[in-house]
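Participant: Sequence:
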Amino acid sequence: MTPTKILCFELFGDYAQFRKFFTNMSPLSFSIPPRTVLMGIIGAILGVDKAENPEYFTPQDSFLALRLMNPVKRIRIAHNYIKADSTMRQLYNFKDHKPTNVEFLKDVRYRLYFSCQDEEKYQNLKSKLQQHHSHYTISLGISGCLANYEYLGEFELETMEPHTDTLLHSVIPTDSIEELIIDEPLNLQKVVMPTFMNNDREVQSYDEVLFEQNGKPISIKIKDAYYKVKTLNDVIHGI
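Just so you know, our numbering puts the end of the sequence shown at 242, numbered straight through with nothing missing.
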């Protein structure tokens with residue numbers, strides 16, 4: 004979709020764990036939340052049932068951009084998983100405990116820019132954000148990493164001209180990059196992440212995205228549509 008206005012809010016927490024799907028006993032975390040996670044959080048704020056949440060907003064009828072506000076900081080915390088059956092008889096069987104190092108992100112803060120074609124859904128989310136109300140408790144990946152948010156407001160967008168030099172503040176899919184202009188030291192990272200799943204929790208699409216791990220803007224030329232957020236002056240691209 005081509006948005007003309009967006010709702011902007013910042014999501015933050017002490018810890019986050021966006022588990023990489025290819026890790027098991029020693030879970031690793033994505034450096035930033037995938038689009039699927041962010042849509043789940045928006046759905047939780049709105050009160051969408053988890054069985055319907057994955058398809059409640061699709062990439063075709065919604066717009067989402069993400070900006071990293073704090074540098075990526077990783078920490079490993081030792082967990083001691085226990086083996087327990089439904090009767091809890093195994094609870095004190097220490098031989099079956101599984102010491103595991105789990106990777107977390109620390110002191111995270113993200114700026115989200117969201118819009119959708121459905122005006123009723125849009126206004127419902129706007130009302131929730133204004134009241135600082137969430138229907139369900141929101142978390143950053145796993146349930147133990149509780150999250151909070153700060154609503155910044157509703158802003159109009161200015162469509163920018165493709166194929167021109169710009170300073171981009173958000174995460175961007177690598178397919179949309181025409182040219183990177185490296186004129187200062189940057190800590191860039193590319194990662195493949197899920198972008199959409201159906202209600203059966205089957206991932207339908209993945210994207211490779213690029214971002215600067217310290218949250219610095221990137222000098223770049225972009226092939227397709229991107230936007231400037233009026234008042235904030237953030238230049239963003241959808242994910």
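In short, the hints are calculated from the structure, not lab data. Just so it is clear, the structure is predicted and the values come from calculations on it, not from any experiment. Glycine included, every Cβ here is placed at the ideal spot set by N, Cα and C. You may find that some hints are simply not true.
Simulated pairs of lysine-lysine, DSS-like, Cα-Cα distance not exceeding 27 Å [as the list claims (entries may be wrong)]:
| id | residue 1 | residue 2 |
| --- | --- | --- |
| 1 | Lys-101 | Lys-193 |
| 2 | Lys-226 | Lys-193 |
| 3 | Lys-8 | Lys-219 |
| 4 | Lys-53 | Lys-219 |
| 5 | Lys-109 | Lys-8 |
| 6 | Lys-131 | Lys-101 |
| 7 | Lys-129 | Lys-231 |
FRET-style restraints, in silico, Cβ to Cβ [as the list claims (entries may be wrong)]:
| id | residue 1 | residue 2 | range |
| --- | --- | --- | --- |
| 8 | Lys-109 | Thr-61 | 29 to 35 Å |
| 9 | Pro-176 | Arg-112 | 20 to 26 Å |
| 10 | Pro-176 | Lys-233 | 32 to 38 Å |
| 11 | Gly-147 | Pro-197 | 31 to 37 Å |
| 12 | Pro-197 | Gln-120 | 18 to 24 Å |
Participant: All the hints need checking, so say for each whether the structure fits it.
Facilitator: Each hint, compared with the structure:
Straight-line distance between C-alpha atoms of Lys-101 and Lys-193 comes to about 32 Å, which puts the hinted pair past the 27 Å bound. The hinted pair formed by Lys-226 and Lys-193 meets the criterion: a straight-line CA distance of about 18 Å does not exceed 27 Å. For the hint linking Lys-8 to Lys-219, the alpha-carbon distance of about 24 Å falls within 27 Å, and the restraint holds. Restraint check for Lys-53 and Lys-219: not satisfied, since their Cα atoms lie roughly 34 Å apart, outside the 27 Å limit.
The straight-line distance between the Cα atoms of Lys-109 and Lys-8 is roughly 31 Å, outside the 27 Å bound, and the hint therefore fails. The hinted pair formed by Lys-131 and Lys-101 fails the criterion: a straight-line CA distance of about 41 Å is larger than 27 Å. As the CA atoms of Lys-129 and Lys-231 are separated by approximately 20 Å, the hinted pair is consistent with the 27 Å bound. For the pair Lys-109 and Thr-61, the supplied restraint of 29 to 35 Å holds, since their beta-carbon distance comes to about 32 Å.
Separation of Pro-176 from Arg-112 is about 22 Å and conforms to the stated range, judged on CB atoms against 20 to 26 Å. The supplied range of 32 to 38 Å is broken by Pro-176 and Lys-233, whose beta-carbon atoms lie about 23 Å from each other. Separated by about 21 Å at the C-beta atoms, Gly-147 and Pro-197 break the suggested range of 31 to 37 Å. For Pro-197 and Gln-120, the hinted distance range of 18 to 24 Å is satisfied, since their beta carbons lie about 22 Å from each other.
In summary, the structure is inconsistent with hints 1, 4, 5, 6, 10 and 11 from the numbered list given earlier, while agreeing with the others.
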